[in-house]
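Protein chains: 2
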Amino acid sequence: MSDFEITKQNRVARLPDRGAYDKAAVYPIIDEALICHVGLVQDGQPVVIPTLHARQGDTLLLHGATTSRLLKYAQSGQPICATMTLIDGLVLARSVFHHSMNYRSVVLFGRGHLIEEADEKLRAMQTFTERLLPGRWDDARRPNEKEIKATSVVAIPIELASAKVRTGPPGDDEEDLALPVWSGVLPLKQQFLSPQNAPNLAGNIPLPQYVADYLNSRNG
Amino acid sequence: MSDFEITKQNRVARLPDRGAYDKAAVYPIIDEALICHVGLVQDGQPVVIPTLHARQGDTLLLHGATTSRLLKYAQSGQPICATMTLIDGLVLARSVFHHSMNYRSVVLFGRGHLIEEADEKLRAMQTFTERLLPGRWDDARRPNEKEIKATSVVAIPIELASAKVRTGPPGDDEEDLALPVWSGVLPLKQQFLSPQNAPNLAGNIPLPQYVADYLNSRNG
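One line per chain: the protein sequences are A and B, in this order.
Just so you know, we're using this note's numbering here: the first sequence kicks off at 1 and counts up by one.
Just so you know, we're using this note's numbering here: the second sequence kicks off at 1 and counts up by one.
Calculated directly from the structure, the hints in this document are not laboratory data.
All values reported here derive from a predicted model rather than from experimental measurement.
Wrong hints could be hidden among the right ones.
Copies of the same chain are indistinguishable here, so a pair counts whether it falls within one copy or spans any two.
Claimed, not checked - Keeping only pairs whose Cα atoms sit at most 20 Å apart, straight-line, the calculated EDC-like set for lysine to aspartate or glutamate is: (1) K149 / E116; (2) K189 / D213; (3) K8 / D22; (4) K189 / E32; (5) K23 / E159; (6) K189 / D88; (7) K189 / D31; (8) K146 / D172; (9) K23 / E5; (10) K146 / D173; (11) K8 / D43; (12) K8 / E159; (13) K146 / D176; (14) K146 / E175.
Produce the complete structure using the sequences and hints provided.
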């Protein structure tokens with residue numbers, strides 16, 4: 001299955017077995033990653049900026065201050081690359097050569113445009129908030145006119161994308177298997193630690209249930 | 001203090017208070033990050049690739065298969081950008097507008113060249129292995145002639161760099177402080193879970209002490 005066309009641009013050339021081009025492989029990685037790294041070209045020079053993202057169907061959303069360099073570039077319609085990477089573990093082979101990582105990554109390409117229509121912009125901001133923390137939009141104070149004006153939201157229809165995934169144990173060479181070297185995987189996971197109340201939190205506001213649920217689902 | 005020149009390229013324009021240009025701020029972030037995202041320009045199009053990195057003094061090292069697109073580009077001497085990002089927490093403000101993340105990131109610029117001299121190349125491979133897991137180089141089987149030949153190591157002297165860091169509680173507006181909305185930080189940390197033996201591990205090889213020490217130091 002391959003929802004995205006496979007071109008020179010998005011083809012997984014190294015270790016092609018690890019590549020996938022279907023939305024079922026690509027979209028869960030985009031959604032699980034909290035941030036992406038966006039590539040732009042400035043005066044012929046590549047620049048890579050980390051930023052929050054959200055996905056709305058086949059569109060990647062970026063947002064930020066209207067004054068931000070990244071947002072100005074992203075809305076210009078110039079080609080953009082956004083990459084999401086989840087690190088799942090260190091892979092310790094018997095041989096130094098076969099050391100690796102378990103990971104899931106997505107590289108995607110598209111061109112962005114500013115979301116200007118008011119309802120669409122507010123919906124995109126809601127998507128951002130809910131994607132970060134489901135339930136938050138209905139609890140927090142929503143953006144006012146001035147805040148909405150100070151925020152740019154850019155939509156990037158995903159034109160090309162590929163996922164690259166490595167899972168499983170080390171891939172040592174046959175002749176190394178008997179070496180007296182410990183070999184295996186050190187699994188890695190982004191875990192939430194105990195929530196920290198804002199120091200100036202009003203009254204005795206408890207941690208909301210939707211936050212506790214989110215922490216459980218992420219740490220589970 | 002500012003070890004790196006501050007130019008249009010590396011200046012932290014948005015929220016300049018979060019920016020730093022000294023090695024004491026920049027290098028620990030490079031070293032703690034397990035991977036970086038490297039930006040290149042191909043046919044005018046930005047491409048962002050995740051990869052392992054290591055630092056040797058003022059030089060960033062990348063390595064990979066000699067056939068890799070990234071490594072070929074990196075050794076060409078064309079301008080490269082590498083970005084490391086550590087996510088430290090979700091920042092939940094009372095207002096949607098002031099939601100944020102705590103993070104530490106570095107954006108660096110330079111031009112790479114291939115390390116060809118045999119001793120220097122082996123030393124760089126050792127740096128990579130030891131940076132991933134201190135003690136591993138003396139335990140694992142070291143690369144043989146053929147494996148060394150199949151690996152490219154690229155050195156990128158760090159020409160320009162900047163760090164950008166956000167820490168601390170939400171920055172709500174004064175007039176929102178009394179709102180009945182839970183506010184605070186959800187700290188995030190990349191944690192190691194229990195090690196998984198390779199399924200075909202020889203004999204009764206126990207987890208080495210240096211691995212246990214590493215897991216403790218990273219999780220601690």
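Here is how each hint holds up against the structure:
{"no.": "1", "hint": "K149 / E116", "result": "within (10 Å within a copy, 54 Å between copies)"}
{"no.": "2", "hint": "K189 / D213", "result": "both (18 Å within a copy, 18 Å between copies)"}
{"no.": "3", "hint": "K8 / D22", "result": "within (16 Å within a copy, 39 Å between copies)"}
{"no.": "4", "hint": "K189 / E32", "result": "both (12 Å within a copy, 15 Å between copies)"}
{"no.": "5", "hint": "K23 / E159", "result": "within (12 Å within a copy, 39 Å between copies)"}
{"no.": "6", "hint": "K189 / D88", "result": "both (6 Å within a copy, 13 Å between copies)"}
{"no.": "7", "hint": "K189 / D31", "result": "both (16 Å within a copy, 19 Å between copies)"}
{"no.": "8", "hint": "K146 / D172", "result": "between (58 Å within a copy, 15 Å between copies)"}
{"no.": "9", "hint": "K23 / E5", "result": "within (11 Å within a copy, 43 Å between copies)"}
{"no.": "10", "hint": "K146 / D173", "result": "between (61 Å within a copy, 13 Å between copies)"}
{"no.": "11", "hint": "K8 / D43", "result": "between (24 Å within a copy, 11 Å between copies)"}
{"no.": "12", "hint": "K8 / E159", "result": "within (13 Å within a copy, 31 Å between copies)"}
{"no.": "13", "hint": "K146 / D176", "result": "between (64 Å within a copy, 15 Å between copies)"}
{"no.": "14", "hint": "K146 / E175", "result": "between (66 Å within a copy, 15 Å between copies)"}
Checked against the numbered hints given earlier, the structure satisfies every one of them.
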